[in-house]
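**Q** So the chains spell out like this:
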Amino acid sequence: GAVVSQHPSRVICKSGTSVKIECRSLDFQATTMFWYRQFPKQSLMLMATSNEGSKATYEQGVEKDKFLINHASLTLSTLTVTSAHPEDSSFYICSAFDVRSYEQYFGPGTRLTVT
Amino acid sequence: DQQVKQNSPSLSVQEGRISILNCDYTNSMFDYFLWYKKYPAEGPTFLISISSIKDKNEDGRFTVFLNKSAKHLSLHIVPSQPGDSAVYFCAASARSGGSNYKLTFGKGTLLTVNP
Chain B
1 GAVVSQHPSR VICKSGTSVK IECRSLDFQA TTMFWYRQFP KQSLMLMATS NEGSKATYEQ
61 GVEKDKFLIN HASLTLSTLT VTSAHPEDSS FYICSAFDVR SYEQYFGPGT RLTVT
Chain Y
1001 DQQVKQNSPS LSVQEGRISI LNCDYTNSMF DYFLWYKKYP AEGPTFLISI SSIKDKNEDG
1061 RFTVFLNKSA KHLSLHIVPS QPGDSAVYFC AASARSGGSN YKLTFGKGTL LTVNP
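Chains B and Y, in that order, are what the protein sequence lines are. Numbering-wise, the first sequence is residues 1 to 115 according to my numbering. Numbering-wise, the second sequence is residues 1001 to 1115 according to my numbering.
Hints should not be assumed to be uniformly reliable.
Heads up, simulated DSSO-like pairs for lysine-lysine below, C-alpha to C-alpha not over 30 Å straight-line [stated by the list, open to error]: (1) B/K41 with Y/K1071; (2) Y/K1005 with Y/K1107; (3) Y/K1054 with Y/K1107; (4) Y/K1005 with B/K64; (5) B/K20 with Y/K1054; (6) Y/K1056 with Y/K1005; (7) B/K66 with B/K20; (8) B/K66 with Y/K1071; (9) B/K20 with Y/K1071; (10) B/K66 with B/K55; (11) Y/K1107 with Y/K1068; (12) Y/K1054 with Y/K1005; (13) Y/K1102 with Y/K1005; (14) Y/K1102 with B/K20; (15) B/K41 with B/K14; (16) B/K55 with Y/K1068; (17) Y/K1054 with B/K55; (18) Y/K1107 with B/K66; (19) Y/K1005 with B/K14; (20) B/K64 with B/K41; (21) Y/K1102 with Y/K1054; (22) B/K64 with Y/K1068; (23) Y/K1056 with Y/K1068; (24) Y/K1071 with B/K64; (25) Y/K1054 with Y/K1068; (26) Y/K1054 with B/K66; (27) B/K14 with B/K66; (28) B/K41 with Y/K1068.
Bear in mind the hints are in silico, worked out from the structure with no lab data behind them.
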């Protein structure tokens, strides 16, 4: 089956620092990956669509300069939360689109806590 | 405005009985629907999907029903097992007319199956 990993699984950082989260498709190539954010007891909110070799497409209301996305290879996309603040604390989940099945497969998520 | 709605935040069912999870949508462009299962601090796991050209899709204990005229879908789990206890998310996408595979999620329903 299609496996997606995320690293780190949880991270605590100080306000004002930047944090990078990696999303990898382990057994398939993904030209498209997605980044979501989930608040407690809330839905998964799509933040951006990451396309290999091109700029990410951000959803309305998501600051592209704050949430930097890089999709440098067919198996890796990174999300960097720049100048993090406590309100950025959340559960960040990525998914990778598998063209073999036309389905999205999700990573295990990253819990970010900004102190 | 929420385009995918799961109006029941929680559902409790006895082991062996049927679990019925409901989902409504408002966007008539949605033509592909999915159900995901999610445990706390983990990414969603794909369960079952249905295209708008069908009204039913079955996979083992899981069956999804789609009523396009009512913009309503439901997930039936029978027989329910304690291991089914998790949050279930309904998701929708508008696949026709392009390569847009973005997912819009509902807020989820917490299913508890009691032994």
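**Q** For the pair supplied as a hint, Y/K1107 and B/K66, confirm whether the alpha-carbon distance does not exceed 30 Å.
**A** holds (25 Å)
**Q** Would you check the hint for Y/K1005 and Y/K1107, treating anything up to 30 Å between C-alpha atoms as holding?
**A** With a Cα-Cα distance of about 7 Å, the restraint between Y/K1005 and Y/K1107 holds, given a limit of 30 Å.
**Q** If you draw a straight line from the CA of Y/K1102 to the CA of Y/K1054, is it 30 Å or shorter?
**A** holds (20 Å)
**Q** Quick one, are B/K14 and B/K66 close enough, alpha carbons at most 30 Å?
**A** holds (16 Å)
**Q** Are B/K66 and B/K55 close enough, with their CA atoms no more than 30 Å apart?
**A** holds (15 Å)
**Q** Holds or violated: are the alpha carbons of Y/K1102 and Y/K1005 at most 30 Å from each other?
**A** Satisfied, since the Cα-Cα distance of roughly 17 Å is no more than 30 Å.
**Q** Within a Cα-Cα threshold of 30 Å, do Y/K1005 and B/K64 meet the stated pairing?
**A** holds (28 Å)
**Q** Is the straight-line distance between the alpha-carbon of Y/K1056 and that of Y/K1005 30 Å or less?
**A** holds (20 Å)
**Q** Is B/K20 close enough to Y/K1054, meaning Cα to Cα at most 30 Å?
**A** This hinted pair is violated, its Cα atoms lying about 41 Å apart.
**Q** Holds or violated: are the alpha carbons of B/K64 and B/K41 at most 30 Å from each other?
**A** It holds: about 25 Å lies between the C-alpha atoms, which stays within 30 Å.
**Q** Just to be careful, I want the Cα atoms of B/K55 and Y/K1068 compared with a cutoff of 30 Å; is the pair within it?
**A** violated (35 Å)
**Q** Has the given pair, B/K41 with Y/K1071, been kept, meaning a C-alpha gap of at most 30 Å?
**A** holds (24 Å)
Violation of the numbered hints given earlier is confined to hints 5, 8, 9, 16, 17, 19, 22, 24 and 26; the remaining hints are satisfied by the structure.
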